[in-house]
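When you get a sec, could you build the whole thing from the sequences and use the hints?
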Amino acid sequence: MTAAPLVASARPRGRARAAARAARPAADLLIDARALERAGCIAEAVASYEASIRAAGGATADRAVLAEALRRLAVVRHRCSRSAEARRLAHRSFTVARRAGSDLLAAEALNTLGGIDLEAGPLDRARSQFLRAVRLGGSSLELRARVEQNLGIVANIQGDFDDALACYTRSLEAYKRCNDEHGCAIAYHNLGMVSAQRRLLADADRYFTRSYEIAARTGDTYLEGLCLLNYADVYFQRERYEEARQNAEAALALLDRIGGDVVKAQAYRMLGMVARETGHTGLAESRLR
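One point on numbering: in the working numbering, the residue at position 222 of the sequence shown is 222, and numbering is uninterrupted.
Keep in mind that the hints were calculated from the coordinates and are not lab data.
Being a predicted model, the structure only gives us computed values, none of them experimental.
Derived CB-CB ranges, DEER-like:
hint	residue 1	residue 2	range
1	E213	Q158	28 to 38 Å
2	E243	R135	39 to 49 Å
3	S128	A84	13 to 23 Å
4	E50	R238	39 to 49 Å
All residues carry an ideal CB built from backbone N, CA and C; glycine is no exception.
Take a look at the structure:
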């Protein structure tokens with residue numbers, strides 16, 4: 001008897017929220033969407049990005065806002081393992097940016113396409129997209145910081161850890177010059193990853209700590225989860241299996257809220273590795289599948 005009023009009352013509230021979004025300027029909706037995404041409210045962020053796209057593409061089109069909203073929605077879709085849709089959105093962002101005459105926004109779209117290809121496409125194409133982004137928008141220090149970061153990831157995947165370390169260091173310095181604290185957090189995270197791969201575990205611990213502190217302070221739930229997962233890897237390499245398990249489970253708890261199937265799979269794999277090392281064979285097999 002109590003369920004019907006709850007369902008009935010939820011619909012007007014949903015319609016009211018949609019109507020309120022439709023009445024707001026596209027730029028304000030984009031700002032809201034970014035804040036919601038960083039807080040881990042992914043469904044709400046997607047709704048705000050989509051509302052911003054509709055508003056920016058209306059009769060009084062704001063192509064700059066439209067290009068950015070499309071690109072940022074592409075990133076969210078990619079993190080939720082919807083890479084085909086993400087690529088379409090990023091291509092549309094590039095087209096809109098070019099029509100708007102904005103080399104910087106077009107370069108941002110290329111950088112996003114390269115990021116998608118890092119996980120869901122050929123690595124050579126990813127690197128090519130990043131280099132195109134630099135050629136088109138390299139006058140922007142902020143863009144250079146992000147592209148250096150992504151080129152570092154390419155080098156890391158290819159096993160060139162020295163080049164990866166150099167790219168991440170240049171990225172960090174560029175973010176510092178921009179006074180971009182959140183960008184610094186991402187650079188610290190990547191420096192931690194390459195340090196861990198080189199078994200410089202004290203350096204990795206220090207970098208992950210700096211990244212996690214900024215992510216927690218700025219409310220970046222996704223980056224918090226990544227840091228916790230990579231902390232787990234450092235603990236695993238030190239054979240501190242209980243701390244590794246706790247960090248992997250904490251990462252999963254965060255990632256369950258916001259999606260990110262690829263990273264969640266890595267967390268389950270870490271839990272499986274811990275279970276295997278601590279003699280829980282059956283649990284290890286289930287986690288490692």
